[in-house]
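Engineer: Chain by chain, the residues:
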Amino acid sequence: MKWSEIFTSSVGKKWVMGLTGIFLVLFLIVHVGLNACIWAMDNGEMFNRAAHFMGSNAVPRILEVGLFAGFLLHMIQGWMLEWQNRSKRKQGYAVSMGNQGSKWYSRSMGILGTLLFLFLVMHINHFWVPSRITGLDAVTIDGKQYHDLYREMLTVFQNNPLVVGLYTLGCISLFWHLLHGFQSAFRTLGVTNPRYLAFIENTGLVFSLVVCTAFALMPISMYMGWVK
Amino acid sequence: MEHYTMNLTLKIWRQQNTQTPGRFETYPVKNISSEMSFLEMIDVLNEQLIKEGKDPVAFDHDCREGICGMCSMYINGRPHGPWQKNTTCQLHMRAYQDGDTITVEPWRANAFPVIKDLMVDRSAFDRIIQAGGYISVNTGSAVDANAIAVEKDHADAAFAAAACIGCGACVAACKNSSAMLFVSAKVSHLALLPQGSPERKTRSMNMVAQMDKEGFGACTNTGACEAVCPKGISIENIARLNREYMMTGLSDD
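Chains S and U, in that order, give the protein sequences.
With this note's numbering as the guide, the letters of the first sequence map in order to residues 66 to 293.
With this note's numbering as the guide, the letters of the second sequence map in order to residues 641 to 893.
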């Protein structure tokens, strides 16, 4: 069988969703880890160095291309699947099954994903565009010039409750999206062993909680003035 | 349990044929015994309709003992009604109280077109089975039962998957109208046994291809299928099908 047939079958498409999903989960680990440097309480020095490494080293720059490709594939495939799946029942039910047997967030991956997409548009506009395209103020650390991405974060979050609120909403959407997506990806890839599935489900829960809480606390700590 | 009778209001989907749009009709039924099965209650309604010179409600049924997979009613927002691991024919009226309103709909999915009223065409499932849900054996005298060794765990898992009666409740419950629980049960029960091994690779490929062709959706692992399955088929089978399919797809020539 040809690859083109396999990856356009319903199972193949889900496989692409699962694989890109896990790739994006790995990205989240790097992202949350680096961003946590804002809590080093060193006026953003460690964070700016980390951001500089990500922006100047060849490996993260190449991975960045893969990251954009992964995001695009995950989003486009996700929307197409959502649309195709919804079209499989033209005449709907008068009485919906609701939460009997499935969780609301497992049925809402499309809408949660769309919220995350909207969040990403704002987020990329806030930080990626200035640091890569339009430029940022420089800061000198140990005689070397760095982009002051930390100052940019403070500018965006410090006096802007609306933006902080939107970021928190983004993190909440991410939590529910991950809570289903994390374990679902492994099922799609073919994990059947109940022992591993229990482990994966628990890991997914802890991962979603920790990562999303940490992300949400970043704008909140700048707004509240916990980091300055 | 104490016997009681009840008066009910039924809201039933009536549809003349596949082409004509359907609508809900409301029917009162009186003196329904708590000992009746749900289908017997529909029988009472139909006798009443025939006496009134009206068209009785068409619905699928056969064994009425929960093993044939013919009955297919979506009752108050749930395939096969409110009980767990149960078919419509084995749902008894003691699940309801006097004065209840019960909404009955057919399985709804493009792949299951309504033939009439509550009766849908599930021949898509037959075509999926024809695409690969079998093993090829030479006929003749039966092989000795112990000639092929089967590991007990695999035999049990295969048996659990083989319990699927092909009723289609999984499709009816799934937000994507996906038939993955059905297909995965059929693939699993053969893939887990040595007899299923010669055609293992082509089976998963052909059955998934037919499933897609019939117009069922993709699986998003919500678990609604497993929750309504009258035979308690586990969604672990879906993960097994995913593995079978992709391993074959990526490794085969």
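FYI, nobody ran anything at the bench for these hints, they're computed from the structure.
Note that the structure is predicted; figures quoted are calculated from it, not measured.
Hints may be right or wrong, so weigh each one.
Covered stretches of chain S, as calculated for chain U (at least 3 residues, CB under 8 Å) [said to hold, decoys possible]:
| hint | segment |
| --- | --- |
| 1 | 117-127 |
| 2 | 141-152 |
| 3 | 165-173 |
Short derived list, chain U residues pointing at chain S, Cβ under 8 Å [stated by the list, open to error]:
| hint | residue |
| --- | --- |
| 4 | A698 |
| 5 | H701 |
| 6 | C703 |
| 7 | I707 |
| 8 | C708 |
| 9 | R748 |
| 10 | N750 |
| 11 | Q835 |
| 12 | P838 |
| 13 | M845 |
| 14 | D852 |
| 15 | K853 |
| 16 | T860 |
| 17 | N861 |
| 18 | E876 |
Derived pair list, reagent style DSS-like, types lysine-lysine, alpha-carbon separation capped at 25 Å [as the list claims (entries may be wrong)]:
| hint | chain 1 | residue 1 | chain 2 | residue 2 |
| --- | --- | --- | --- | --- |
| 19 | U | K871 | S | K168 |
| 20 | S | K168 | U | K815 |
| 21 | U | K841 | U | K651 |
| 22 | U | K853 | U | K841 |
| 23 | U | K670 | S | K78 |
| 24 | U | K691 | U | K670 |
| 25 | U | K756 | S | K67 |
| 26 | S | K155 | U | K691 |
| 27 | U | K651 | S | K155 |
| 28 | U | K756 | U | K792 |
| 29 | S | K67 | U | K841 |
| 30 | S | K78 | S | K155 |
| 31 | U | K841 | S | K155 |
| 32 | S | K78 | U | K756 |
| 33 | S | K155 | U | K756 |
| 34 | U | K815 | S | K78 |
| 35 | U | K815 | U | K853 |
| 36 | U | K725 | U | K815 |
| 37 | S | K168 | U | K725 |
Every residue gets a Cβ at the ideal spot worked out from N, C-alpha and C, and that includes glycine.
Engineer: Take the hints in turn and mark each one as holding or not.
Structural biologist: Right, here's what the structure says about each hint:
1. 117-127: That given contact is violated, which follows from only 0 residues of the segment 117-127 of chain S lying within Cβ reach (below 8 Å) of chain U.
2. 141-152: holds (count 5)
3. 165-173: holds (count 6)
4. A698: Cβ of U/A698 sits 17 Å from chain S, so the hint is violated.
5. H701: 21 Å, violated
6. C703: 25 Å, violated
7. I707: 22 Å, violated
8. C708: 23 Å, violated
9. R748: 5 Å, holds
10. N750: 5 Å, holds
11. Q835: Violated, about 20 Å.
12. P838: 18 Å, violated
13. M845: 6 Å, holds
14. D852: 5 Å, holds
15. K853: 10 Å, violated
16. T860: 6 Å, holds
17. N861: For U/N861, the interface hint holds, since the closest Cβ of chain S sits about 4 Å away, which is under 8 Å.
18. E876: Result: holds, 5 Å to nearest chain S Cβ.
19. U/K871 to S/K168: Satisfied, since the Cα-Cα distance of roughly 21 Å is no more than 25 Å.
20. S/K168 to U/K815: Judged against 25 Å, a Cα distance of about 12 Å means the pair holds.
21. U/K841 to U/K651: 46 Å, violated
22. U/K853 to U/K841: 19 Å, holds
23. U/K670 to S/K78: Given that 25 Å is the threshold and the Cα spacing comes to 51 Å, the pair is violated.
24. U/K691 to U/K670: Holds, at about 15 Å.
25. U/K756 to S/K67: 40 Å, violated
26. S/K155 to U/K691: 35 Å, violated
27. U/K651 to S/K155: This hinted pair holds, its Cα atoms lying about 21 Å apart.
28. U/K756 to U/K792: Distance ~44 Å between U/K756 and U/K792 Cα, so the pair is violated.
29. S/K67 to U/K841: 14 Å, holds
30. S/K78 to S/K155: 22 Å, holds
31. U/K841 to S/K155: 33 Å, violated
32. S/K78 to U/K756: Given that 25 Å is the threshold and the Cα spacing comes to 34 Å, the pair is violated.
33. S/K155 to U/K756: 17 Å, holds
34. U/K815 to S/K78: 17 Å, holds
35. U/K815 to U/K853: 18 Å, holds
36. U/K725 to U/K815: 20 Å, holds
37. S/K168 to U/K725: Given that 25 Å is the threshold and the Cα spacing comes to 19 Å, the pair holds.
Violation of the numbered hints given earlier is confined to hints 1, 4, 5, 6, 7, 8, 11, 12, 15, 21, 23, 25, 26, 28, 31, 32; the remaining hints are satisfied by the structure.
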